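Chemist: Working from the sequences, and respecting the hints, build out all of it.
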Amino acid sequence: FKTLQQCIDLLKSLPDDESFVFESKYIPSSTIGKHVRHICDHFRLLLDSRPIPVKRSFAEEYFITSDDNDNDSMNTLNDSSEWNVDYDNRTRKGAAETSRALAIKQIERLQSTIQEYSTIIPLNTPINMCTVADKDPMHVQSTYGRELWFCCHHAVHHYALIRVICIELKIPFPEDFGVAPSTLLYMEDKER
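UniProt numbering numbers the first residue of the sequence shown as 1 and each following residue consecutively.
Treat the hints loosely; a few may be bogus.
Unchecked claim - Here are the simulated SDA-like pairs of lysine to any residue, each with C-alpha atoms no more than 20 Å apart in a straight line:
id, residue 1, residue 2
1, K93, S30
2, K170, D16
3, K2, I114
4, K135, R90
5, K170, H42
6, K25, H157
7, K170, L11
8, K12, E168
9, K135, Y87
10, K2, R109
11, K12, A101
12, K25, E168
13, K170, E23
14, K25, I167
15, K12, L169
16, K105, H42
17, K105, S182
18, K12, R163
19, K12, E175
20, K25, W149
21, K12, E23
22, K93, H158
23, K105, L14
24, K12, P174
25, K93, I27
26, K12, R109
27, K2, C152
28, K2, P174
29, K2, K135
30, K105, E168
31, K170, H158
32, K2, W149
33, K93, K105
34, K170, R100
As the list claims (entries may be wrong) - Per label pair, the in silico range of CB-to-CB distance:
id, residue 1, residue 2, range
35, V164, T131, 25 to 31 Å
36, E116, A95, 19 to 25 Å
37, E116, K12, 22 to 28 Å
38, Y26, E188, 24 to 30 Å
39, S29, E116, 17 to 23 Å
40, D88, Y117, 21 to 27 Å
Source of the hints: derived by calculation from the structure; they are not laboratory data. Because the structure is a prediction, the values reported are computed rather than measured. No residue lacks a Cβ here, since even glycine has one placed at the ideal position from N, Cα and C.
Modeler: Written as structure tokens, this is what we have:
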């Protein structure tokens with residue numbers, strides 16, 4: 001999954017852990033860590049809301065850092081027969097905001113889960129998405145493929161903000177980091 005791999009590569013290239021938690025002066029109260037946690041939350045909410053019981057939920061196994069290691073428990077975050085996703089139900093101030101190593105591990109596990117799901121979940125699988133618009137909940141019909149695309153597109157948007165922080169810290173980054181795939185194609189066509 002190129003979108004998530006881009007993040008791993010950037011995090012591994014950071015000069016130190018301090019740059020991961022550096023608070024930007026250009027984007028107030030923003031850090032690379034906060035953006036990465038936010039990106040992971042969106043992917044996690046999509047993957048964890050799957051209505052099929054799995055051995056330990058993704059969140060329990062990879063995001064909760066307690067000493068509870070009851071690996072035999074069967075859990076489902078969504079006990080309905082429908083796949084319901086609510087991206088507003090995010091975790092804030094999670095450990096991945098401050099630990100670059102944990103963030104990398106979480107992204108690698110997201111990649112693994114997406115790869116596993118690609119063999120068992122058709123992209124046209126229906127999803128009910130809940131969001132808040134003007135203070136009222138709104139329900140929208142979608143599909144797994146569309147929501148996976150949304151999570152990737154959303155990640156690229158946050159990569160653009162991470163890019164600003166990298167510029168602020170004089171940290172080099174790949175030229176295509178934080179640039180939408182459609183923009184990259186447009187730029188390629190323009191150069192021909």
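Chemist: All hints are to be evaluated individually against the structure, with a verdict given for each.
Modeler: Hints and how they fare:
no., hint, in the structure
1, K93 - S30, "holds (12 Å)"
2, K170 - D16, "holds (13 Å)"
3, K2 - I114, "holds (12 Å)"
4, K135 - R90, "holds (17 Å)"
5, K170 - H42, "violated (28 Å)"
6, K25 - H157, "holds (19 Å)"
7, K170 - L11, "holds (14 Å)"
8, K12 - E168, "holds (18 Å)"
9, K135 - Y87, "holds (15 Å)"
10, K2 - R109, "holds (14 Å)"
11, K12 - A101, "holds (9 Å)"
12, K25 - E168, "holds (8 Å)"
13, K170 - E23, "holds (14 Å)"
14, K25 - I167, "holds (12 Å)"
15, K12 - L169, "holds (16 Å)"
16, K105 - H42, "holds (16 Å)"
17, K105 - S182, "violated (29 Å)"
18, K12 - R163, "holds (15 Å)"
19, K12 - E175, "holds (16 Å)"
20, K25 - W149, "violated (31 Å)"
21, K12 - E23, "holds (19 Å)"
22, K93 - H158, "holds (17 Å)"
23, K105 - L14, "holds (15 Å)"
24, K12 - P174, "holds (13 Å)"
25, K93 - I27, "holds (17 Å)"
26, K12 - R109, "holds (16 Å)"
27, K2 - C152, "holds (9 Å)"
28, K2 - P174, "holds (13 Å)"
29, K2 - K135, "violated (35 Å)"
30, K105 - E168, "violated (26 Å)"
31, K170 - H158, "holds (18 Å)"
32, K2 - W149, "holds (12 Å)"
33, K93 - K105, "holds (17 Å)"
34, K170 - R100, "holds (18 Å)"
35, V164 - T131: 25 to 31 Å, "holds (26 Å)"
36, E116 - A95: 19 to 25 Å, "holds (23 Å)"
37, E116 - K12: 22 to 28 Å, "holds (23 Å)"
38, Y26 - E188: 24 to 30 Å, "holds (29 Å)"
39, S29 - E116: 17 to 23 Å, "violated (35 Å)"
40, D88 - Y117: 21 to 27 Å, "holds (22 Å)"
When the structure is compared with the earlier hints, violations turn up for hints 5, 17, 20, 29, 30 and 39 and for no others.
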